[in-house]
Amino acid sequence: MIRVELALMLRRRRVWLCWALLCALPALVAVLLATTRLAPAPGRGGAFLSAVVSNGQLFPAAALALVLPVFLPITVAVVAGDAIAGEASAGTLRYLLVRPVGRLRLLVAKLVSVTAFVLLAVLLVTITGYAVGVAAFGFGPDAALGGGGGIASLSGAVLTPAQLLVRTAGTVAYLALCMLALGALGLFFSTLTDSPLAAALGVLAVVVTSAVLLPLDAAAAIRTYLPTTHWLAWIDLYRDPVLWPSLRRGALVQLGWVTVAFGAAWANFATKDITS
Amino acid sequence: MTDVIVTEALTKRFGRVTAVDGVDLAVPEGVRFGLLGPNGSGKTTLVRMLLGLVHPTSGSVRLLDRPMPRGAKAVLPRVGALVEGPAAWPHLSGRANLRLLDAAGPGARRRDRRERVEEALRQVGLAGVDRRPVKAYSLGMRQRLGIAAALLRRPDLLLLDEPTNGLDPRGITEMRELLVELNAAGTTVVLSSHLLSEVEALCTRVGVMDGGRLVLTEDLDALRAPTGRVLVRSPEPDAVVGLLDGRVVDRDGDALVVRGDDPAELNARLVAAGIAVTGLTAQRRSLEQVVLEATGAGSDRVDGGRG
Numbered sequence: 001m002i003r004v005e006l007a008l009m010l011r012r013r014r015v016w017l018c019w020a021l022l023c024a025l026p027a028l029v030a031v032l033l034a035t036t037r038l039a040p041a042p043g044r045g046g047a048f049l050s051a052v053v054s055n056g057q058l059f060p061a062a063a064l065a066l067v068l069p070v071f072l073p074i075t076v077a078v079v080a081g082d083a084i085a086g087e088a089s090a091g092t093l094r095y096l097l098v099r100p101v102g103r104l105r106l107l108v109a110k111l112v113s114v115t116a117f118v119l120l121a122v123l124l125v126t127i128t129g130y131a132v133g134v135a136a137f138g139f140g141p142d143a144a145l146g147g148g149g150g151i152a153s154l155s156g157a158v159l160t161p162a163q164l165l166v167r168t169a170g171t172v173a174y175l176a177l178c179m180l181a182l183g184a185l186g187l188f189f190s191t192l193t194d195s196p197l198a199a200a201l202g203v204l205a206v207v208v209t210s211a212v213l214l215p216l217d218a219a220a221a222i223r224t225y226l227p228t229t230h231w232l233a234w235i236d237l238y239r240d241p242v243l244w245p246s247l248r249r250g251a252l253v254q255l256g257w258v259t260v261a262f263g264a265a266w267a268n269f270a271t272k273d274i275t276s
Numbered sequence: 001m002t003d004v005i006v007t008e009a010l011t012k013r014f015g016r017v018t019a020v021d022g023v024d025l026a027v028p029e030g031v032r033f034g035l036l037g038p039n040g041s042g043k044t045t046l047v048r049m050l051l052g053l054v055h056p057t058s059g060s061v062r063l064l065d066r067p068m069p070r071g072a073k074a075v076l077p078r079v080g081a082l083v084e085g086p087a088a089w090p091h092l093s094g095r096a097n098l099r100l101l102d103a104a105g106p107g108a109r110r111r112d113r114r115e116r117v118e119e120a121l122r123q124v125g126l127a128g129v130d131r132r133p134v135k136a137y138s139l140g141m142r143q144r145l146g147i148a149a150a151l152l153r154r155p156d157l158l159l160l161d162e163p164t165n166g167l168d169p170r171g172i173t174e175m176r177e178l179l180v181e182l183n184a185a186g187t188t189v190v191l192s193s194h195l196l197s198e199v200e201a202l203c204t205r206v207g208v209m210d211g212g213r214l215v216l217t218e219d220l221d222a223l224r225a226p227t228g229r230v231l232v233r234s235p236e237p238d239a240v241v242g243l244l245d246g247r248v249v250d251r252d253g254d255a256l257v258v259r260g261d262d263p264a265e266l267n268a269r270l271v272a273a274g275i276a277v278t279g280l281t282a283q284r285r286s287l288e289q290v291v292l293e294a295t296g297a298g299s300d301r302v303d304g305g306r307g
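Taken in sequence, the protein lines are chains W and U.
Just so you know, the first sequence maps onto residues 1 to 276 in my numbering.
Just so you know, the second sequence maps onto residues 1 to 307 in my numbering.
Isolated chain W (complex conformation) (with noise of 0.2 Å):
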């Protein structure tokens, strides 16, 4: 089933849209930077944006940024919504069940489908993010002098590229369990209506709530467990050394999010009756 899903996944125009706009929105604003070379000043704009000028390997960090607060979720939250919902909606979920497939197998392939679509969401906007970055910016100035393309930290001491690469791969798999934990509720969602729309307005709506009461001093004692708390905790990844305690806390926030939201629609699609 697992196989199943995925092609399926795979051969929906939709999922190639999303990744396409996706790549999309960075490749316009690296476009826009190097032909205006008008930069945003140092603390303002998008994470990293004032840096990706003189160093092109750090835009897939900016690009990431800069799909991180709305694109993303978007896009997760309408494949994610569109999980059993859809099924449900275009009838073959109850080919499905009587075929037979068992009901906990075909939410454990729904949500490895959700997560080949965020994992090759993030990396593919990396991806495209490095090749336009070096296209448009080059390897930085150190480069010309041949020191190999290293890059500032945060904190100021020098990267290598070799160990930027790996710190980008930990930001990439950080950055997909976040939109996991937002495509298991997106999951959940969807087993409890028929309506792909309905299941990802859900998602948005969570994504808006926790937003919303982030910044408030009120909700401070709720403040940790809330989704998108932890979302740029990945930005540590870039200073030297790595804040690990605050990515240590955000991972053990989003699975908690993954194993709350998947047991929740287990528990609710294991007994539901299907009368779409």
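None of these hints come from the bench; they were simulated from the model.
In this text the structure is predicted, and so the values were computed from the model without any measurement.
Be aware that one or more of the hints could be misleading.
In silico SDA-like cross-links for lysine to any residue, where the CA-CA straight-line distance does not exceed 20 Å [stated by the list, open to error]: (1) K73(U) / G102(W); (2) K272(W) / G91(W); (3) K73(U) / V108(W); (4) K135(U) / N165(U); (5) K135(U) / P90(U); (6) K135(U) / L10(W); (7) K135(U) / G85(U); (8) K272(W) / R12(W); (9) K272(W) / F14(U); (10) K73(U) / P106(U); (11) K272(W) / V257(U); (12) K272(W) / P90(U); (13) K73(U) / D273(W); (14) K73(U) / V6(U); (15) K272(W) / R13(U); (16) K135(U) / D273(W); (17) K272(W) / T11(U); (18) K73(U) / W266(W).
Partial pick of chain W residues on the chain U-facing surface, computed with a CB cut under 8 Å [unchecked claim]: (19) V4; (20) L10; (21) R11; (22) R13; (23) G91; (24) R94; (25) T275.
Ideal Cβ placement from N, Cα and C applies to all residues, glycine included.
Once you've looked at the hints, dock chain U against the given chain W.
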């Protein structure tokens, strides 16, 4: 003969609505069973419970000698189903749909998948179908594809909900021939329909549902047994009444209903008396009469209250 479907006091309530109410159904192996009933009489909910899609509020289901929905994994690979219209992934071709559906579940041998897909497509008359996605299919083609999906694993039991929806008269005849052929080869066929003519032409046994209850289960032959009356048409109805005084129970113009089991005997008497006869048949109840007697109005009819 064993029963492939047995339900006991099967009941399903959705909130305050009782969709299926204490149904005791038994479908013997090898029959062609027609489930009849007005819209909203609970046919589809019953079929969904048989397949484990809907969980009964109370009562039990046994399918091919296993309890459902617990035995789903063992039983359902031997069951082909069409539930409330066909469905397919619209962005894929019919062939790709069948292959993926086959690959999704257990017990599908990969080796002969292509062969089984082609055979199912050929059986429903879609052998020459091209790579168009299903969203470009006509209603009839989707229906055929849905039946092909049900046939894919050469099931022992076919559960078809409204199998001829969207098919033209030729398509309906083809499906009927296909189902009779499969049945002759040993497949038990259960179809639900509100089209009486379809069930009458195809089935050997019928069940009638009304308001969630199974109000009648009977062999079609028994339902349609002669009523002990003969329909006579004659250009001289008065002469017939005169000859058969007391045996004529009803008269409408030149058509008469005469008590008696034997049309031949009646014919001989009428001809011997020199009365011309233009038509003579033993009266049988039509399935339509049986069903109308057994059921009320469908749930899609909403009559006003009193006063």
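Results for each hint:
Between K73(U) and G102(W), the direct Cα distance comes to roughly 8 Å. Compliance with the 20 Å bound is thereby established for this hinted pair. For the given pair, K272(W) sits about 15 Å from G91(W) by alpha-carbon distance, which is consistent with the 20 Å threshold. Distance hint between K73(U) and V108(W) is fulfilled; the C-alpha atoms sit about 17 Å from each other, no more than 20 Å. Restraint check: the Cα-Cα separation between K135(U) and N165(U) comes to about 17 Å, which is no more than 20 Å; the hinted pair holds.
Of the supplied pair hints, the one linking K135(U) and P90(U) holds, its CA atoms being roughly 5 Å apart against a limit of 20 Å. A hinted pair counts as satisfied when its Cα atoms are at most 20 Å apart, and K135(U) with L10(W) qualifies at roughly 18 Å. Our distance criterion of 20 Å between C-alpha atoms is met by K135(U) and G85(U), whose separation comes to about 15 Å. Proposed proximity of K272(W) and R12(W) is contradicted: the alpha carbons are some 27 Å apart, above 20 Å.
Simply put, K272(W) and F14(U) have alpha-carbon atoms about 12 Å apart, close enough for the 20 Å limit, and the pair holds. About 8 Å separates the Cα atoms of K73(U) and P106(U), which keeps this hinted pair within 20 Å; it holds. Note on K272(W) and V257(U): the hinted pairing is violated, with a Cα-Cα distance of about 55 Å set against a maximum of 20 Å. Note on K272(W) and P90(U): the hinted pairing is violated, with a Cα-Cα distance of about 25 Å set against a maximum of 20 Å.
Under the criterion of a C-alpha separation no larger than 20 Å, the hint pairing K73(U) with D273(W) is consistent with the structure, at around 17 Å. Straight-line distance between C-alpha atoms of K73(U) and V6(U) comes to about 18 Å, which keeps the hinted pair within the 20 Å bound. For the hint pairing K272(W) with R13(U), the CA-to-CA distance comes to about 14 Å; that is within 20 Å, so the pair holds. At roughly 27 Å between alpha-carbon atoms, K135(U) and D273(W) are farther apart than 20 Å, so this suggested pair is violated.
With a C-alpha separation of about 16 Å, the suggested pair K272(W) and T11(U) falls inside the 20 Å cut-off, and the hint holds. Restraint check for K73(U) and W266(W): the C-alpha separation of about 18 Å stays at or below 20 Å, so the hint holds. Because the closest C-beta pair between V4(W) and chain U is about 5 Å apart, less than 8 Å, the hint holds. Interface hint status for L10(W): violated, as the beta-carbon distance to the closest one in chain U is roughly 11 Å, over 8 Å.
A distance limit of 8 Å between C-beta atoms decides the matter here; for R11(W) the minimum to chain U is near 6 Å, and the interface restraint holds. With a cut of 8 Å, the hint placing R13(W) at the interface with chain U holds, because the nearest CB-to-CB distance is about 7 Å. The criterion of a C-beta within 8 Å of any C-beta in chain U is met by G91(W), whose closest approach is roughly 3 Å, and the hint holds. Because the beta carbon of R94(W) sits about 5 Å from the nearest beta carbon in chain U, less than 8 Å, this interface hint is met.
Checking T275(W) against chain U: minimum C-beta separation of about 7 Å stays under 8 Å; hint holds.
Checked against the numbered hints given earlier, the structure breaks hints 8, 11, 12, 16, 20 and satisfies all the rest.
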